[in-house]
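K.L.:
Residue strings, one per chain:
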Amino acid sequence: MSPSTKYTEYDAYAAEEAFEGKVFDVSGQDWDQVVSAAEDLGDERLVVNMGPQHPSTHGVLRLILTLDGETVTECRVGIGYLHTGIEKNMEFRTWTQGTTFCTRMDYLSPIFNETAYCLGVEKLLGIEDQIPERAQIIRVMMMELNRISSHLVAIATFGLELGASTVMLNGFIDREHTLDLFEEITGLRMNMAYVRPGGVAQDLPSGALSKIRDYLDRMPKRIQALRKLMDDNPVYLARTKDIAYLDLTGCMALGVTGPVLRATGLPWDLRKSQPYCGYETYDFEVATEDTCDVYGRYLVRMREMEESLKIVEQCVDRLHSVKGPVMIEDKKIGWPAQLAIGADGMGNSPRHIAHIMGTSMEALIHHFKLVTEGFRVPAGQAYAAIEAPRGELGVHVVSDGGTRPYRVHFRDPSFTNLQAVPAMCEGGMVADVIAAVASIDPVMGGVDR
Amino acid sequence: MGLEEKLPSGFLLTTVEQVAGWARASSVWPATFGLACCAIEMMATGDPRHDFSRWGMERASATPRQADLMIVAGRVSQKMAPVLRQVYDQMTEPKWVIAMGVCASSGGMFNNYAIVQGVDHIVPVDIYLPGCPPRPEMLLDAILKLHDKIRNTKLGAQRERQIAELEEAKRRQLPLLGQSGGAA
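Chains as they are written, first to last, in my numbering: chain C, 1 to 449; chain A, 1 to 184.
Treat the hints as calculated values from the structure; they're not laboratory data.
All figures in this text were calculated on a predicted structure; none of them were measured in a lab.
Here a beta-carbon is modelled for each residue, glycine too, at the ideal position from N, C-alpha and C.
Don't take each hint at face value.
Across the chosen pairs, the derived CB separations fall in these ranges [unchecked claim]:
#, chain 1, residue 1, chain 2, residue 2, range
1, A, Gln-86, C, Arg-351, 52 to 58 Å
2, C, Arg-407, A, Arg-65, 43 to 49 Å
3, A, Arg-172, C, Ser-210, 52 to 58 Å
4, A, Arg-85, C, Met-357, 50 to 56 Å
Sample of chain C residues facing chain A (criterion: CB under 10 Å; computed from the structure) [claimed, not checked]:
#, residue
5, Ser-36
6, Asn-89
7, Gly-171
Covered stretches of chain A, as calculated for chain C (at least 3 residues, CB under 8 Å) [claimed, not checked]:
#, region
8, 8–15
9, 23–35
10, 140–151
Turn these sequences into a full structure, and let the hints guide you.
P.N.:
Here it is as structure tokens:
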């Protein structure tokens, strides 16, 4: 093809963006011509577009790599291909409905998104110490189960991207077991909208605790099996050891949190340093490594899963003795949390319906107002942060005193950590870009929102 | 015709259409077009519990040029739309599209500035699969329904007549449910 082609139609990869040198747009032409034309120029520099549709970029991430031979000299990250307008949509729904939207941001850790948002709303309402203890324990338990399922997907897709589908199959079947518990408890596998301002949507169904016990019996062996597959695997070690090095100074400069930061040796975990939901009462350790590389991040994730199992076990023990409501007593805020399954699916319990339809007109009016209009939140702003599987997940909620958020902004760890990609990749080999991106484990739903 | 009686034993008669349909449906290679939450469930459909390699689909094609089926798994943003169309154009005929989940089917809960309100604005869709996200079992059901469609696709002039017939049937279909004899 000719070195410069004029585009008459809109082209997503238009060459006209380049402003220096000759541009070869290779999409199905005769390769020999391209090579000979490039040889005449004597320019070795190669700009490779990777993504946004690529099997190894963890979703719709676009990387623009400048290569010198096989060495990456420049790496630019293109995002926004999954921008969904979730934050804007939340401004047009009630505070409770917001959970339905934010659960779909980082779709591998829905419970964390909901909890962070609800903690922010509860801070604005000033009801943090009125949340029932049982609700807090259930939140912690669900978050830790979610951390396990999220890390399992991280490791499974990591294996797949390095070309090991055995890892992927093993990781996903364990994730299925975790999702079975979510389905048992919330009714949904993903995007549950289970955590609500004031508590959780409903109490645990009968038999859920024994199922979690079965899971706790089985899971350590499964994690051991995964470790056996990966920990000392020479091929895996060659692909991960001393790859994508980023030390503590680099992490601090770039605002990186989560397993990437903990793999540099700093035990920074919001569950310990700024406890929420009663994390200070649980016994667990913060996993750290000091290798600053991909392998260290993998080890941190594995250890975190084991620690999460410990926390879940403590939650189950507590849930046996701690009874009581799972939604705040204040009827002006608390959504009816006694749900039941009827012929037409899940809904309010027959007792609640009998009460509002049969005995009390005021209760019916109150229910109608709460469900259609929602509760009012005092004007002001609040910031709440929790330790999500990928790092610090912060939420900034602003209220103008109405029944809908004025603004909700999320500080998603995937987004912040993604800016470490150039620091990790530049100077390395092009094949290691895959390992570097996978070790950050960005979820594009959270990055673009 | 009576042709069967005149043949020696050991022969099986069929039509080119049936052979082509059987071959196409037996090993549909999906293009990996994972976008959002549904992509995780699409990957879960390949896990040992659901295992779509039972239908010869485990070879998720990284290059669109070797793919027959595009499973649009997730919300399609305005920025992603041209990329999606380009990937679709790169796929070779015959090709099929499943719009997985409500976002790909109709925009779903994201009725806003950022999301394309249904991927059928960009590419023709064969199967709309509701759910947010649909369970892996639902995706398998959609895939089996698509297999049925592929297997019974006519070729050449027959295909044109089939399309005309289907269009006519749809045109005559009465909008109300439960009314019999609507689609003549």
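K.L.:
Under the constraints set out in the numbered hints, which ones does this structure not fulfil?
P.N.:
The structure breaks hints 5, 8 and 10; every other hint is satisfied.
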